[in-house]
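Q: Each chain, written out:
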Amino acid sequence: MSSATEPAVPVAKLPPLDDAAAGDIGDFRANSLWRLTLRRLFRQRSAVIGAIMLGLLVFSAIFAPWIAPYDPEQVLIGKEDVRKRAAPCIHLLGCPADQPQHILGVDGNVRDQFSRIIYGTRVSLYVGFLTVSLAVIVGTLLGAVSGFLGGWMDNTVMRVLDVVLAFPFLLLAIAIVSVLGPGLTNAMLAIAIISIPIYARVTRASVLSVREMDFIEASRALGASNTQILFRRVLPNALPPLIVVATLGIATAILDTAALSFIGLGAQPPTPEWGSMLAIERNQVFSAPHLVIFPGLAIMFTVLAFNLLGDGLRDALDPRLVHGSGVAKE
Amino acid sequence: MTQYTIRRLIAAIPVIVGVLIVTFVLARAIPGEPCTAMFGEKATPEVCEKFNRDKGLDKPIATQFLIFAKDMLRGDFGDSIRFKRSVSQILIERLPQTMELGMAALLIAVTVGIPLGIISATRRNSPADVATMIGANIGVSMPVFWLGLMLAYVFALLLKDTPFQLPPSGRLSAGVNSIPFYEVYNLQFTAGTFKASLFTFLSNFYIFNSIITANWTVLTDSIRHLILPAIALATIPLAIIARMTRSSMLEVLGQDYVRTAKAKGLKQRQVVMKHGFRNALLPIVTIVGLQLGLVLSGAILTETIFGLSGVGRSLYEAITARDYPIIQGFVVVIAVGYVLVNLIVDLSYAILDPRIHLD
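Those protein sequence lines, which keep their order, are chains Z and C.
Read left to right, the first sequence gives residues 1 to 330 (the working numbering).
Read left to right, the second sequence gives residues 331 to 689 (the working numbering).
A couple of the hints might just be wrong.
[Unchecked claim] Quick list of simulated restraints, FRET-style, between CB atoms:
| # | chain 1 | residue 1 | chain 2 | residue 2 | range |
| --- | --- | --- | --- | --- | --- |
| 1 | C | Glu647 | Z | Thr185 | 56 to 62 Å |
| 2 | C | Leu387 | Z | Gly150 | 40 to 46 Å |
| 3 | C | Gln585 | Z | Thr185 | 48 to 54 Å |
[To be verified] Just so you have them, the derived chain Z footprint on chain C, three or more residues with Cβ under 8 Å:
| # | segment |
| --- | --- |
| 4 | 468-476 |
| 5 | 664-674 |
Keep in mind the hints are simulated off the structure, nothing from the lab.
Heads up, the beta-carbon is just placed ideally off N, CA and C, and yes, glycines get one too.
Excised from the complex, chain Z in its bound form (with noise of 0.2 Å):
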């Protein structure tokens, strides 16, 4: 969305003399693809958002035992003077001096909510990194293989993935962690499972569209093996759609895991997760509110940032804007 909102700007203009002045004049690798996207990506509003929400997200998990007030599973009965769900009491605006502060409230087991939901973004990006991470190893390496090999496996590659995308997302990782037993390791593990043909697909595609061109031909006339020319020459061509949509994807395996989590399915408690934060209070919504909005409202800033990020990434990286139509493609 964001290069909608600021006018594409032609590729001639983007890399001036005046900045490869500021560098080395004869190094054309200066402006190599990943340079001049990086400049792009950054002159899109959405995407700065993006990387700001992300930077204070990855800022508090890195220092969370300095923010948080509290340690996310201490109990505070008996340390301190607060009731079950007690609503947030900020000393600024006004709540008595003498009562404890805690900023977004205390939870049904006499927890400061602040400080789980600050342990909570450790919870979420790893779950995000690391269930994309496997699952674009897998995607990646079945649809470079299929696609780049063809015949008879890549059609039986493609069908079970078929089967796969068959069944409505939610549905089949909930079944796949009922198999594997509820927990927030075989959660991560379910839906990256889930999300390996969206990988797969969007590799092979791009494998596909390179596979037949001059400079792969090349390459094998210089007596390159298959395993360099998928490596080097052809998988380095599908990176770009890749990275956008394992960015995207990093959002909605933050989205599904809390939503198994919160269907009980995934973290299991104490563990500060956001998503079975919910969970637990979801009753209290008419009598502790606050305990409901604000795991919701850090599950949301955070699978903004990223989906924020992933649009500004794919406007960054679309070839098509590098030619100046100045349509932006959503």
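Using the hints provided, position chain C relative to the given structure of chain Z.
A: Then chain C, alone, in the frame of chain Z:
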């Protein structure tokens, strides 16, 4: 066209066989014996042996699969272990509820999403466009279950005693009953026939049933109950459809023939709708078709939150209770339905774009 349809149907067969295998394997692989799930403490070896023999669970796994596949193809899903009733009967009762919810959600998503996308595209970079796109980005990032709870909180608690108050759970208020049309019109049929199943199925669409029986109390009450879950379920598809419509429209509106149309002096409205929208429709239809899977996944969560006993929630409960026949029957029906809808979407391309010849 016919030839292509047949070819696509044949191509769908291996996928459906795959669905059968996956469903069968997953249902068997769920840990725990159905017998223990069924009888709990009373599951002595003797009881279980008889139970397994009755349900055919003592046969070799390959035989079990063949029996299963044969039954599935005949539409015989067996009896639910938990409810001791035929799975097809349960499906007939519960599927309409989920379909009603899903259709309402898709209706909201399409009727709101497409106009929003068109407005965004025609007034690119205007405040309306920016607001729509920000809204769409937030919409796709929202967890369905959280949105459901928030809607319930706002419309059932904060807006209590205002005209906007809406019920947060159930399908009908206490005391309101939907009377099946066949009872109202005294239609006769014998139990267990196809006609009986069809009548039960149709009468479980409460909105449809109340319209044809002219029961306006039930109609308004069931619509009021449907609004919140439908909005919750519609949000993500709505956001996706709005974005897709916008980008597809932008691409089309940049074409030369659109400029020509404008140059001819056609009205803006005509250019946008006839030259623009008609040609932008193809990717929009694709994306609407794809939303079905999302709606089905979302239905599991939405039905749980709003206390609706549709297919989604029943299936989730069946998995926890290891009710194999329900899991198998429901999953197969949903997956086959999903494959068929995608097929219909593919076929509709030829109608929407005469340049595409499928044969």
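Q: Look at each hint and say if it fits the structure.
A: Results for each hint:
At roughly 24 Å, the beta carbons of Glu647/C and Thr185/Z sit outside the given window of 56 to 62 Å. Between Leu387/C and Gly150/Z the CB atoms are about 43 Å apart, so this pair conforms to the stated range of 40 to 46 Å. At roughly 50 Å, the beta carbons of Gln585/C and Thr185/Z sit within the given window of 48 to 54 Å. Under a criterion of three residues with beta carbons nearer than 8 Å to beta carbons of chain Z, the stated coverage of the segment 468-476 of chain C is upheld, 8 such residues being counted.
With 4 residues having a Cβ less than 8 Å from any Cβ of chain Z, the segment 664-674 of chain C passes the three-residue criterion, so the hint holds.
In this structure, the one hint that does not hold is number 1.
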